[in-house]
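> Sequence:
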Amino acid sequence: MQNNIAFLTSDVSRLLRKRFDVVSRRFGVTGPQWRMLAALRRTPGINQGALAQWLEVEAITAGRMIDRLEKSGMVVRRADPNDRRAWRLFLTDAATPLLDELFVCATEVFEEAQQGFAPAERELLLTLLERVRANLLEDSAPEKPVTEGALAHG
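Numbering of the sequence shown is given in the working numbering, commencing with residue 2 and proceeding in unit increments.
If you're looking for bench data, these hints aren't it; they were derived computationally from the structure.
Among the hints, erroneous ones may be present.
[What the hints assert, rightly or not] Taking lysine to aspartate or glutamate and the EDC-like style, the derived pairs with C-alpha atoms no more than 20 Å apart in a straight line are:
| hint | residue 1 | residue 2 |
| --- | --- | --- |
| 1 | Lys19 | Asp94 |
| 2 | Lys19 | Glu57 |
| 3 | Lys19 | Glu109 |
| 4 | Lys72 | Asp94 |
| 5 | Lys19 | Glu102 |
| 6 | Lys19 | Glu113 |
Work out the full structure: start from the sequences and follow the hints.
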């Protein structure tokens, strides 16, 4: 298998998600629920549709996860004052200790992933990944003409 940036970043992401899933089960949540809780901590009041989009899941999937987290007392839905059909999502106080413990676990997973890296290498890795992300986030990537050779080798 060719080692290219797309494969490597996808594989690292998959392995991190798998590790987070294993760790999170000790606390009675799934990896996707952990990501949802972390997203709600970062963006309190986000609506279900935007949250689903950010997590890259279908709205119905996000809704089921929210239902379970609401039932467990971690999340609360509040009416959106600007849209009668929408709900804003917030963490409850009960979610804070869980997220604090999960944060410690995340730090341990990141330490494991960067084992043997010098501090300068860790900083360089973050800097380079942030640049890749910024390049891909640009709304108007420069258009390059497609050549026959590019199609054959693409």
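> Could you check the structure against the hints above and give me the numbers of any it violates, in ascending order?
1
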